[in-house]
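Asks: Okay, here's what each chain looks like letter by letter:
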Amino acid sequence: MTATLHQFERNFEDAPRAAAKTGRKPLISLKGVGLSFGSHEVLQDINVDIGEGEFVCVIGPSGCGKTTLLRILSGLIQASRGTVSYRGKAQTEPASDIAIVFQDYANALLPWRTASQNISLALEAAATPRAERKDRIAHLLEKVGLSKHADKYPSEMSGGMQQRLQIARCLAQNPSVILMDEPFGALDAMTRQKLQDEILAIVSESNVTAFFVTHDLEEAIYLADRVIALEPNPGRIAELIDVPLARPRNQLTTREEPEFLALRRKLFDFVLRYE
Amino acid sequence: MMKALKGFALPVLLLVLWQIWATVAGIHSDTLAAPVDIAVAFVKGFSDGTILSATGMTLTAAAGGLLIGAGLGIVSGFVFGLLPPLSRLSRVTVEVLRPVPAVAILPIALLVFGFGYAMEMAIIAFACFFPVMLLTESAIRQITPRLMEVARVMRLTATQRTFKIVFPAVLPRLFLALRLAAGIALIVSVTVEISANPQGLGYSLMMAGQSLRPADMFAILFWIGLIGWALNWVLVRTELKLFPFHALRRAAE
Numbered sequence: 004m005t006a007t008l009h010q011f012e013r014n015f016e017d018a019p020r021a022a023a024k025t026g027r028k029p030l031i032s033l034k035g036v037g038l039s040f041g042s043h044e045v046l047q048d049i050n051v052d053i054g055e056g057e058f059v060c061v062i063g064p065s066g067c068g069k070t071t072l073l074r075i076l077s078g079l080i081q082a083s084r085g086t087v088s089y090r091g092k093a094q095t096e097p098a099s100d101i102a103i104v105f106q107d108y109a110n111a112l113l114p115w116r117t118a119s120q121n122i123s124l125a126l127e128a129a130a131t132p133r134a135e136r137k138d139r140i141a142h143l144l145e146k147v148g149l150s151k152h153a154d155k156y157p158s159e160m161s162g163g164m165q166q167r168l169q170i171a172r173c174l175a176q177n178p179s180v181i182l183m184d185e186p187f188g189a190l191d192a193m194t195r196q197k198l199q200d201e202i203l204a205i206v207s208e209s210n211v212t213a214f215f216v217t218h219d220l221e222e223a224i225y226l227a228d229r230v231i232a233l234e235p236n237p238g239r240i241a242e243l244i245d246v247p248l249a250r251p252r253n254q255l256t257t258r259e260e261p262e263f264l265a266l267r268r269k270l271f272d273f274v275l276r277y278e
Numbered sequence: 032m033m034k035a036l037k038g039f040a041l042p043v044l045l046l047v048l049w050q051i052w053a054t055v056a057g058i059h060s061d062t063l064a065a066p067v068d069i070a071v072a073f074v075k076g077f078s079d080g081t082i083l084s085a086t087g088m089t090l091t092a093a094a095g096g097l098l099i100g101a102g103l104g105i106v107s108g109f110v111f112g113l114l115p116p117l118s119r120l121s122r123v124t125v126e127v128l129r130p131v132p133a134v135a136i137l138p139i140a141l142l143v144f145g146f147g148y149a150m151e152m153a154i155i156a157f158a159c160f161f162p163v164m165l166l167t168e169s170a171i172r173q174i175t176p177r178l179m180e181v182a183r184v185m186r187l188t189a190t191q192r193t194f195k196i197v198f199p200a201v202l203p204r205l206f207l208a209l210r211l212a213a214g215i216a217l218i219v220s221v222t223v224e225i226s227a228n229p230q231g232l233g234y235s236l237m238m239a240g241q242s243l244r245p246a247d248m249f250a251i252l253f254w255i256g257l258i259g260w261a262l263n264w265v266l267v268r269t270e271l272k273l274f275p276f277h278a279l280r281r282a283a284e
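Going down the list, the protein sequences come from chains A and B. Take 4 as the starting number for the first sequence in our numbering and just add one per residue. Take 32 as the starting number for the second sequence in our numbering and just add one per residue.
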């Protein structure tokens, strides 16, 4: 874990994220996306471009369609209106290089498979040759700090460990995009902060694009390059907020920066309007 | 080990009290026998092979009936679990047939098959079929939708989905159904033998009772109890061995 963190810091010294951000072309593009169930409109006119390597967080009061938006991006469900394109092509079904980290890790992991076997599932799905799997699995377990728990079943692991395992399984897909649906919502505060830093390290290391749904406003600011604020009934974009905080971020100093506090205030005011 | 021994304390104590009472009161009954006499009958039954051959018959019938009943139950449970409309269509039929006590179809089975294994197995199969079918169907229904989503996101093929997600998810519950059905099979086989079929442990029990040999009767009775206990012990062990995660999960809940 510490190894990845150091690497993460190095990476960022080499290539400041702010520089990488300019001039990228959108990887995912949503134009006029809407979704209705019968007469009930869940999402309305969503327009947003997400660049390669960008970390986008989605916040908003409950019922504003955060998770639905993520599911549309994943291709698990189809928008009723508008277009969703991924790498310039219409996104009609799950793509092999888009991974999802679900909030309910206990349901998303296969209880009958050990940690390494769970990771193996993604490799089996991608038809990775058997000979390569072992090394890849060992590498991924190390990356999320679970090397010592390779042969444990999910039920023998803590919540934080299970979520790490799910993240490792997603990484086994070699994703270009990781969609995360309140992944740390069920974890305690300390574990959550640790995992926030780990996910930042992983994302920057492999230049993955991240789409992160959360109800924790500080978490959104801490992680994101850009925050999408959704408002409810029907769910639509209220505001796109750039987060100009320097990287690498630090759980103590970043959260004390005036900009962080100003954004925090702004987002709280926004959400409170709908409470 | 100590725990297992403790479990034997009560039955042993009861047997000793029973023996003391039988000796003191000096019973010469047509319905009761002293533990020592029962033990003698037990040893005799084993040495002349009568108990073993009867056991073989009963277990053969029970295993055959279980295989047929549980097999059909699993197949139809899968079909109904995967095709809910079909399940709804057959609901009434199932609900009408299910409460029929297995022994109640004895007269029909007797007419169709006559005495012997076929008749007994048919009744056992009937008794095992419904619980296994219903448990299989609910096992399939209880696969969490999240797992199927994981399968979609990873783009597993239909075959991969079946063998890597559906089967392993269902297997532990299927085994549980099998364990339940095995108990039913033993009960029904002995019942059928007592009430009609002239073979196996049930019939021996019946004959011992009718010819006023209580020691033989109790020997067989205890033997049936032992078989049931051993069967369950073996199946529970197998379950732990095959599905360690399942046991862990249940322990955690």
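A few of these clues could be false.
Computed from the model, here is a short list of chain B residues facing chain A with C-beta under 10 Å [said to hold, decoys possible]:
1. T175
2. R183
3. R186
4. T188
5. I196
6. F274
A short, non-exhaustive set of chain A residues, derived as facing chain B with CB atoms under 8 Å [claimed, not checked]:
7. S83
8. G85
9. L124
10. E127
11. A128
12. Q176
Since the hints were made in silico from the structure, they are not lab data. Cβ coordinates follow ideal geometry from the N, Cα and C atoms, glycine included.
Asks: Starting from the hint list further up, note which numbers the structure goes against and sort them upward.
Replies: Failing hints, ascending: 7 and 8.
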